[in-house]
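One letter stands for each residue in the lines below.
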Amino acid sequence: MKLIAAKFYRAAGAAVFLFAAINNRAQQPGPLGGVKDLHATDFTQEQYYEQPNGQQVKMRLSGAAAAPLPGGLLDVKELKVELFSTNGLLQAVAQAPQCTYAPLDNWASSPGRLEVWSADGKYRIEGEGFLLRQTNSSLTISISNHVHTVIEIPADNHGSFL
Amino acid sequence: MKKIFLLLLSVCGGVASAQTNAPATNAPTRPVIMDITSKSLDFDQNLRQAVYHGPVLVTDPQVRLTCEQLTVTFPAKKGRHLEQVQAETNVVIDYTDEQGEKYHVTAAKGVYVYSMVNSVTNETVTFTGSPKPKVTWGDTNSLTGEPINSLTGDALYYTRVNGGKGSFHADNQQMHYEPPPAGTNTNTSPLKLF
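In order, the protein sequences belong to chains A and B.
For the first sequence, our numbering gives the first residue as 3, with consecutive numbering after it.
For the second sequence, our numbering gives the first residue as 48, with consecutive numbering after it.
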């Protein structure tokens, strides 16, 4: 229960931080003087593994720009999600030009394009229309349309029909 | 399909260092590119499972596989060989072996299972369902699972040990084999070895 609470407060803290950043920008004059700029730029949110790997980043979510939407959602441009192993190595990257992000519920969704690739470059998945959802213990990725996967297989592993 | 598993393994967090029995050489070998297209995909890190929803098309230089759903289950430990892959509904596989011979497999369901016991690898693909599973090769040869009843066919198996040549067999074989014309010198076996 403590862990769940801690996770909640961590996520809530990140969301508050993000909203604060957006609001701070909103208070400042925009490039045209009186026009308010409601965008935050170059933001990052990190999620950590549970103990005993509590110091290791599990997932890093970043974006080039974010703007608030109704319901506590964010409109994120140039979303990038990086997944790390418990030893800190980058495992996979997911990238989308635009999505709606729910910082408190940990999901990101868009009718647009998503690309996912392994850190070693041996596989790549792309498709249109996606939902990324991070729960306490798991990441799920759903891609709705036109899924295309390219896999690079070592030649010495080729030969069986399955 | 073994190759498909490599990809999904990577998604799970590690690229599988797949078992191979090929002799080591110094010459670099070009990797093979496999393409998978599907309508949609669901991946669950916790279940260690990726499900491609159809129509699903898998192609590489030797294989063309189509089905309506392809489910890949990753091993629990990073770097291990993929343990199970399941192709479902209207499974059609066209395979060309290293000698250029073409095989055609049809089944309602195909399940690939990999295991290792005492350092011996076993790969099994079990084809089941209705219409009854069938493999054909050449112009006239075929092997079919004998139907148990009007709805389902007996299983058709493909087995491969230690990465060697695989073979098809069925418990209740119903095999059609047409020998070559008289006078032809051939050692072709009716029980085809891949």
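Calculated directly from the structure, the hints in this document are not laboratory data.
Incorrect hints may appear among the rest.
Restraint-style ranges between C-beta atoms, simulated for each label pair [as the list claims (entries may be wrong)]:
1. A/Val59 with B/Thr136: 35 to 43 Å
2. B/Thr206 with A/Thr142: 28 to 36 Å
3. A/Glu130 with B/Thr171: 52 to 60 Å
4. A/Gln57 with B/Val164: 17 to 25 Å
5. A/Gln53 with B/Ser189: 29 to 37 Å
6. A/Gln58 with B/Asp186: 24 to 32 Å
7. A/Gly114 with B/Glu145: 54 to 62 Å
No farther apart than 27 Å at their CA atoms in a straight line, the calculated lysine-lysine pairs in the DSSO-like style are these [stated by the list, open to error]:
8. A/Lys79 with B/Lys156
9. A/Lys82 with B/Lys149
10. B/Lys86 with B/Lys156
Yeah, the Cβ is synthetic: ideal placement off N, Cα and C, and Gly gets one too.
Okay, the hints, checked on the actual structure:
1. A/Val59 with B/Thr136: 35 to 43 Å: Holds - the Cβ-Cβ distance for A/Val59 and B/Thr136, about 40 Å, lies within 35 to 43 Å.
2. B/Thr206 with A/Thr142: 28 to 36 Å: holds, 34 Å
3. A/Glu130 with B/Thr171: 52 to 60 Å: violated, 36 Å
4. A/Gln57 with B/Val164: 17 to 25 Å: For A/Gln57 and B/Val164 the Cβ distance comes to about 39 Å; the hint is violated.
5. A/Gln53 with B/Ser189: 29 to 37 Å: Hint violated: Cβ distance 59 Å, outside 29 to 37 Å.
6. A/Gln58 with B/Asp186: 24 to 32 Å: Distance hint for A/Gln58, B/Asp186 is violated at roughly 59 Å.
7. A/Gly114 with B/Glu145: 54 to 62 Å: Violated, since A/Gly114 and B/Glu145 (Cβ atoms, about 43 Å apart) do not stay within the stated range.
8. A/Lys79 with B/Lys156: Distance ~42 Å between A/Lys79 and B/Lys156 Cα, so the pair is violated.
9. A/Lys82 with B/Lys149: Status violated; Cα separation ~44 Å.
10. B/Lys86 with B/Lys156: OK: B/Lys86 and B/Lys156 at ~19 Å, within 27 Å.
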